[in-house]
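Asks: Single-letter residue listing:
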Amino acid sequence: MNYNWNWSVLVTEPYLDWLISGFYWTISVALVAWIFAFSIGCLVGIGRTLPNKFIAGACTCYVELFRNVPLLVQMFLWYFAMPEALPEEWGRWVKRDMPNPEFVTAVIALSLYTASRVAEQVRAGIEAVPKGLAAAAKAHGHGVAQTYRYILLPISLRMVVPPMTSEFLTVFKNSSLALTIGLLELTAQSQQIAEYTFRGFEAFTAATVIYVLIALVATVAM
Amino acid sequence: MTDFDFGVIWTSLPFLWEGLQLSLWLTFLAVIGGIVLGTLLTLARLSGILPLALIAAGYVNLIRSVPLILVIFWFYFLVPLVLGRPVGSFYSALIAFVLFEAAYYSEIMRAGIQSVAKGQKFAGQSTGLGYWQIQRHIILPQAFRNMIPILVTQGIILFQDTSLVFVVSLRDFMTTSSIVARTEGRLVEMYVFAALVYFVICFTGSVLVKRMRDRMAT
Amino acid sequence: MIDIENVSKWYGDFQVLKDCTSQVTQKEVVVVCGPSGSGKSTLIKCVNGLEPVQQGRIVVDGADITAKGTDLTALRARIGMVFQHFELYPHMTVRENLCLAQEKVLKRSRDEAVSRAELFLDRVGLSEHIDKHPGQLSGGQQQRVAIARSLVMDPIVMLFDEPTSALDPEMINEVLDVMVELAKEGMTMMVVTHEMGFAKKVADRVIFMDEGAIVEDRSTEDFFGNPESDRAKDFLSKILNH
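Chains as they are written, first to last, in the working numbering: chain V, 2 to 223; chain W, 236 to 453; chain U, 11 to 252.
In short, the hints are calculated from the structure, not lab data.
Heads up, the beta-carbon is just placed ideally off N, CA and C, and yes, glycines get one too.
Careful, some of the hints might be misleading.
What the hints assert, rightly or not - On the chain U side, residues computed to face chain W include the following (Cβ under 10 Å):
| # | residue |
| --- | --- |
| 1 | A84 |
| 2 | G90 |
| 3 | F130 |
| 4 | F234 |
Said to hold, decoys possible - When the alpha-carbon atoms are kept at most 30 Å apart in a straight line, the in silico BS3-like pairs for lysine-lysine are as follows:
| # | chain 1 | residue 1 | chain 2 | residue 2 |
| --- | --- | --- | --- | --- |
| 5 | U | K243 | W | K356 |
| 6 | U | K142 | W | K356 |
| 7 | W | K353 | U | K117 |
| 8 | W | K356 | V | K54 |
| 9 | W | K356 | U | K37 |
| 10 | W | K353 | U | K243 |
| 11 | U | K37 | W | K445 |
Claimed, not checked - Here's a subset of chain W near chain U, in silico, CB distances under 8 Å, partners left out:
| # | residue |
| --- | --- |
| 12 | S361 |
| 13 | G365 |
| 14 | R380 |
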């Protein structure tokens, strides 16, 4: 194997700019998607454990649907199929006038997909609370809302933190799928640099190091 | 809404079926390779030999912090370079998947081993069993039993992940669906159909896992 | 048989054992009691080296458990231990539970191991359950199997770590009966337990622990008839008065 190292390519214009811009889009997509995913995921996860059969069933359907279709297929459905399936005027607006279509689509797809995974963690956390505690709360006359607010959620919260950290990191990794609909995030930029410069090692190493740093920062921060 | 034309799927079925076969074959090989390599990594991490344990742990943590697509790009670029000749995207992808999934399988196994109560180790020790005897006869059999459902679940995730070979144009089910969608101009039908096929396979798998769990719980 | 000399142990900054000294001679039955968190379970786990100690020495049958280089596994094979939560191997049948260490540690043949397993299972009254898995047995039955699992190794001493505290009340006696039987046969025993009836019936001595220290270490009659320390009096009044 012979390979001529040339790390300076990474700080050469325009490649440095490409990397920085890729980093920016990765962070943007991941953070925005996480906010939605976390909110929706918590609601759906709690919904699955509710005594109301209809709500619980609907939430279960949501989780099964979004969890059992690859994220890439979902990404394509939102990007290519959704505008076609909408009423004509809306579809035209989405295709022509919607600002940042790749970004918006990536966020939608990533949020809804990640929400199904967050929901599973939330549900597992709630179900791990010993049954006796909910029974005790009921016996003391607390309603469903109070039981969740004062007993189930505070206890499950602690159990849910480690898996949530790992889901949070997964969002960053999965944001790379946005490159398939043309969003030039970090992985896409490193691939592009590799193609332009034939410096695959340097380009991919740069991206790898940045992802590792993101993971380290996120792990320490949580 | 454009009128749906599912006829296009019917005529493309043989082509799509080839793609699906490649997806399943890739999944199968990657699961086997991932479990074998994952077991080796786990043993290295638990070996008590510090350099070995550190290298294995470092590898697992490195792989787990980067996206699969990047790993696929890495190996698509790296494998021909290392071997000195082109090997085709299938083998590049397979190597990427095995090396990637091994890190995840290793984590599952480590968690499985840690899930066996500490008292079981004490019980083995108190009857004079040695470290490897305790691992072999007491800890690993229980750990493996506990983790079978999670290993299968990881297999389902891996099957979904194989769709990412789209980025190197390897003709799996995702890529063939996309080719049909574009050439026939039937994006909605094709992607809905692809979603449906993935859903049926993965949902069936997760139902099986749930059955397994319920049976083990009793 | 067991010599515990000035043993201290810490978990981080917290001292769980404070300068504990005692001994158990051959054929003696010693009960260790005390409030929860007093360090009694920790002490008994130290006796066969399941928990390391930071200071002091524990010598069992002439071998120093706490010294570096001691062959712990060989020594442990001769020290039987019964746990609070039984710790039977759930994936094995009763027979396999009883044979594993016999074959792997003592290198007995399968036939020999099985015949000893049958012998001791008969002694604890569970012969007909030999092919079952632990999960199919009641708690009391599981604990009797666990005792048999230790006995098949021909131990020179038996350690019991709260053997009845995870059991339903109606199952406690079936386990205690086996232990009384064992004591009468002359087995050397160290028993952590709250069962004061058992202590009165078979113990030669009682060790009372509190906050990691051995507070009293006296003959059974003296301990129950005339406890010296206020803490022991307090403990006894709480545990006996209902």
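Asks: Which of the stated hints cannot be reconciled with the structure, identified by number in ascending sequence?
Replies: 3, 4, 5, 8, 10, 11
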